Amino acid sequence: MIRVTRRYRFSASHRLHAPGLSDAENAGLYGKCNNPYGHGHDYEMEVSARGPLDPRSGRAIDPAAFDRVVQEQVLNAFDHKYLNTESAAFRQVVPTTENLAREIYARLRANWNSAFPGPWPVLDKVRIAETPRNIFEVSEMNG
Amino acid sequence: MLITKRIEFSASHVCRNPLLSDQENLELFGMAANPHGHGHNYVVDITLEGDPDPVTGMVLDLKKLKDIVNREVVTSYDHRFLNYEVPPFDRSVPTPENIAIDIWRRLEPHLAGDGRRLHAIRVYETPDLYVDYFGEVA
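Protein sequence lines, in the order shown, are assigned to chains A and B.
Going letter by letter, the first sequence gives residues 34 to 176 in this note's numbering.
Going letter by letter, the second sequence gives residues 141 to 278 in this note's numbering.
Worth flagging that the hints you see were computed from the coordinates, not collected in a lab.
Keep in mind that this is a model prediction, so the values were computed, not measured.
Quick reminder that beta carbons are idealized off the backbone N, C-alpha and C, glycines included.
Heads up, a few of these hints could be off.
Claimed, not checked - With beta-carbon atoms standing in for the labels, derived distance ranges:
1. R101(A) / P228(B): 29 to 35 Å
2. E173(A) / D162(B): 37 to 43 Å
3. R257(B) / N146(A): 32 to 38 Å
4. K203(B) / N146(A): 46 to 52 Å
5. R257(B) / D56(A): 54 to 60 Å
6. D207(B) / R40(A): 30 to 36 Å
7. D56(A) / G255(B): 55 to 61 Å
Can you make the complete structure from the sequences, with help from the hints?
Listed below in C-alpha cells is the structure:
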C-alpha cells in the first residue's frame, strides 16, 4: 500500500460573512476577512490517494486520471473565482478554508468512482494551505 | 516519537515496462517513457519511530542515521541512471512508488532495534508529487 500525493495551486477570492450573524457581529468575528469587497489567496492544495501498486505500471495511481478529476471537480470550479457568489456551495455556507476543504473532499469523493472505477486507489485526504501559515486537512477519519 | 531525516539525490530514469511495446509504454507513461530518460532532484524523508534514549536523549544519533542512509541509498542512487545502474530497476519501473519501497528495503534492516523502527519513507519526485510508504502492513 502506497500513498501518493499531488500538489495543485489555485487562486480565489472570498469574504467571511456568516448569514446568521449581524453586520456588527460579522465584523467583530472575522475582522479584515469580513471586508465587503472580499480578498484573495493563492491556495496550495495537496490531494492524496492510496492503493497497491499496479504491477504493469509500478504505480499506485494513474496521474492523468488523478489530474483530470482534480481539474474538473476542483480547479475548474474554484480557480480565479469569487467563492461566495460563483460557487453554489458557498451561497449559505461561509467559505472558510475549513468549509472549502470539506467541499473539495466531498466533490472528489462523489466523482471518485467515475475517475477510478476499480477498488483502488481510494481518496485519502485533502490538505489546503490558505497561506503558508494556515493549513487545513480533511480525510475519512477527520472529516 | 517520530524523527525525520531528509536527504537528496539526483538521478535519471525512464518509465518503461520492458514487457510492454513502445506504443503501450508511451500510452501508459507519456513523456516519462522517452527512451533517453530524464532526471529529477529527489528528496527523501526517512522517518523513525522510537523513544529517546534516557542517557543520550536521542532516538538515533542523526550522524549515524546519515551514515547509514549515505551508505545504503545515496551512494547507489546519486547521479545514476536508475534503470541501468541501480538494481532492482533493471527489472522494475523506477516510479517514485517503487523507489520508496526499495529505499525501505535497503534501510529497514539497519534501523530496527533498541525500541526503534522505520516508520515511513517519503519520496518527492518533484515538489508537487510525492509518495509515502509505511511498509507492508497487515
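Find the hints from earlier in the document that the structure breaks and name them by number, from lowest to highest. none
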